[in-house]
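Protein chains: 2
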Amino acid sequence: MFKKTLLAVSMTAACLASASSLAAEKVDLLIKNATVLTMDQDKTVYDNGLVAVRDNKIFAVTDGSDLAEYKAKQTIDADGDIVMPGLINTHTHVSMTVFRSMADDVPDRLHRYIFPLEKKLVSRDMVRIGAQLGNVEMVKGGVTTYADMYYFEDEVAKTVDQIGMRAVLGETVIKFPVADAANAEEGIMYAVNFIEEYKNHPRITPAFAPHAPYTNTTETLQTITKLSLQYDVPVMIHLAESKRENQVIAERSGGKSPVEYMAQIGALTPNLVGAHVINVSDSDIELLKKHDVGIAHNMSANIKSAKGVSPALKMFDDGLRIGLGTDGPMSGNTISTIDEFNQVAKVHKLVNKDRAAMPPIKVIEMATMGAARALHMEDKIGSLETGKLADIIVVDTKAPNMVPVYNPYSALVYSAYAANVKHTIVDGKVLMQDRNMLTVDETAIRNEALKFADTVRKTVVESGEIVQ
Amino acid sequence: MFKKTLLAVSMTAACLASASSLAAEKVDLLIKNATVLTMDQDKTVYDNGLVAVRDNKIFAVTDGSDLAEYKAKQTIDADGDIVMPGLINTHTHVSMTVFRSMADDVPDRLHRYIFPLEKKLVSRDMVRIGAQLGNVEMVKGGVTTYADMYYFEDEVAKTVDQIGMRAVLGETVIKFPVADAANAEEGIMYAVNFIEEYKNHPRITPAFAPHAPYTNTTETLQTITKLSLQYDVPVMIHLAESKRENQVIAERSGGKSPVEYMAQIGALTPNLVGAHVINVSDSDIELLKKHDVGIAHNMSANIKSAKGVSPALKMFDDGLRIGLGTDGPMSGNTISTIDEFNQVAKVHKLVNKDRAAMPPIKVIEMATMGAARALHMEDKIGSLETGKLADIIVVDTKAPNMVPVYNPYSALVYSAYAANVKHTIVDGKVLMQDRNMLTVDETAIRNEALKFADTVRKTVVESGEIVQ
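Residue numbers (UniProt numbering), protein chains in the order written: chain A, 1 to 468; chain B, 1 to 468.
Incorrect hints may appear among the rest.
Intra- or inter-copy, both count: the list cannot distinguish identical chains.
Straight line, CA to CA, 25 Å or less: simulated BS3-like cross-link-like pairs of lysine-lysine [claimed, not checked]:
(1) LYS307 <-> LYS362
(2) LYS307 <-> LYS398
(3) LYS388 <-> LYS71
(4) LYS398 <-> LYS158
No lab work stands behind these hints: they were computed from the structure.
Construct all of the structure, not just a fragment, from the sequences and the given hints.
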């Protein structure tokens, strides 16, 4: 009798094992017990769901009832934490981290301080050191993809390749001499060489970054437009950011707005991503929509510089391609998109005089799918859906500022900050686990940045060139 | 020869030891190698300074050149991190943490949702559980003193006593039935009993908290004013917060503003602390100044509810007693003052159309000495000066979002968030060290809050009473 029972048990176990192995889906990474915000078309949320990753792609996103069907090389138990698409920062100047907290509130800062500062201090080393620091900040803040505009973008690319992030990197073109080009023509050549070098990189999209309409000639903007269509790469530009820009462009174009001017010269294309887009009329917005232009909304930097509030909510509601950006660390000053959430939600409520305006779910949309759409990458990233690239973050819901979570979108927007991000995964690879960086040496990166900051102090702060 | 040298060395060491012990100042806690922001009258900053604590008071704050003169029981090496006065949150409803992220953006929320929700769910347990969670959040965010307005404040007091924070606790008085009083008279009695019980507590200041002018009668407000002067305790009130309040008070008083009405009935006294103070004219501001009223400025909650922006910068510049508050966790939604910094600086720039408006040093002043002045506690807390109570925080400058620091005020305001606070000290006692809570069990507190949140879900969320 005893033997029989034992035999029966053994057989059952064997059958189960056999059935299980028959059904088992082998995956590389499994995140279970998760509050999954998929950010798919229907905004599906799974309370106790799972996300399975095979190679660098999302293999499955489910309600968790099929948990037993997966056999994973690595399993993360989210223990109820929020699992969502990695954040996409649509606009920054990552290398400027090394200048952060300098001369923050001086008037006419770009022309009086930043351009001269950059002329003196931008170098390959500065770009590399600043990007390494900024990459760590972003990964620790849940940013998995970012769009950058700066100089020596091939140096930024090396740091992105090393840390394992995804990025759209725009080489700056501007009409006056800068660190890596004597003029716009040299800037274009630098960009073309960079594009040739990186056009087949699996995680890096090289791009042109004409600084702004008013800091480039019509001819330069047209040449870049033509080349961008030829290479099929993005063009990133500061657009309709300041009143000064509107004045200069109106003088140049016989009274046109920056957006109208760009349309007139043929520079509004689906490859264009405009950053800021503050001073625009309803007809400008229609033009941007018609030409399928992407838009980076940088609330924090725009209000810090008192430039005003972009009609981003209207553009979002009108169906334009718009996502959140942080602007650079001399502007924002932090570069994790999560630090924008709070301000984006609240300032749009303030200016619309409506507490229901810009609800949290729209903010999260603008940080994920909206940002993916702004960069024309919505087929690859921005939501947790089968077949998309595995860019995923886990947000701690047990930190005291996050308890309790009745509404995960509200908790993310009104309560979370960068340090609440627990794990960051890009292209199926865990870059940060339990807040520890796995692919780079954070301490060495910080120390190199601090050493460079000493050079900055000696060069411009102690001489009194930069007023604090 | 060898022996002689050895003897000489020994003698020198003995002499040094003797000299040292002669000069040694015995202290309990020494924080060295610190970037000390004293927030004293002259805004003295020491780049490599020290703060020495004896018992519960600051014994010395220096440039660090006298480091060898102290013999401390405990030493914290700040390694260049920022050491500053503990933050003072001038306005919150700490126990409401258990309702956080619920129905955030619904119109007329206070009357349609919050009051009915509270009627159903406020209890001694709820107040205790919510306060414990909120206390942990605040200590971990660098808040050392807070001002609270809620029910069952004796329960809040027990949690404050246990964790070791400092607080001004105001027992609510309101004209309709609430959890701990059937009417305003009972509320006043509850408050008086609470004040009697806690009036000699070393870290707790009991207070009256009439909810608002429009939710109390003139008689109630006058009775409370009289009693507050008799007991010499603060009166905390929501003041000039909403347009509805202005309408109700205008009807009651023949067209007066809330501030004018309070002046007329004799309720503007130096004991009063008004929260929000949004809808005020220049003459209202003059009245508040004349009567030496304290003011709590809650930017984050005010813009989230689209109520508008308080003229806090004008009040600060005019010399009024004004400090930062967070409002409650259903409003703000986080309750660490550091989370306000960014928004306070930037939104005042936006509305003043001036990037130089509200510079970081003013924000830090409003979080420390300004807040101490708002609570009439500036002789005891708010700055690091010899003789003041030892409420001190250490802010990590090595987190990637904080590197580098050219200007510590800028770094705190534009880059820091709550998790950058490394150590929190209140009354000379370390409450958090390296982000670990030393006086309470954080996990047990979180679990109790999560369990209570399940009750909330069953009571009002699943029934559909609260719309998400």
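Hints, verified against the model:
1. LYS307 <-> LYS362: Both ways: LYS307 and LYS362 sit 23 Å apart in one copy and 21 Å across, limit 25 Å.
2. LYS307 <-> LYS398: Result: close neither inside a copy nor across copies, 37 Å intra and 31 Å inter.
3. LYS388 <-> LYS71: within (20 Å within a copy, 61 Å between copies)
4. LYS398 <-> LYS158: Answer is between: at 24 Å across copies they meet the 25 Å cutoff, but 36 Å inside does not.
Hint 2 alone, counting from the list given before, is not met by this structure.
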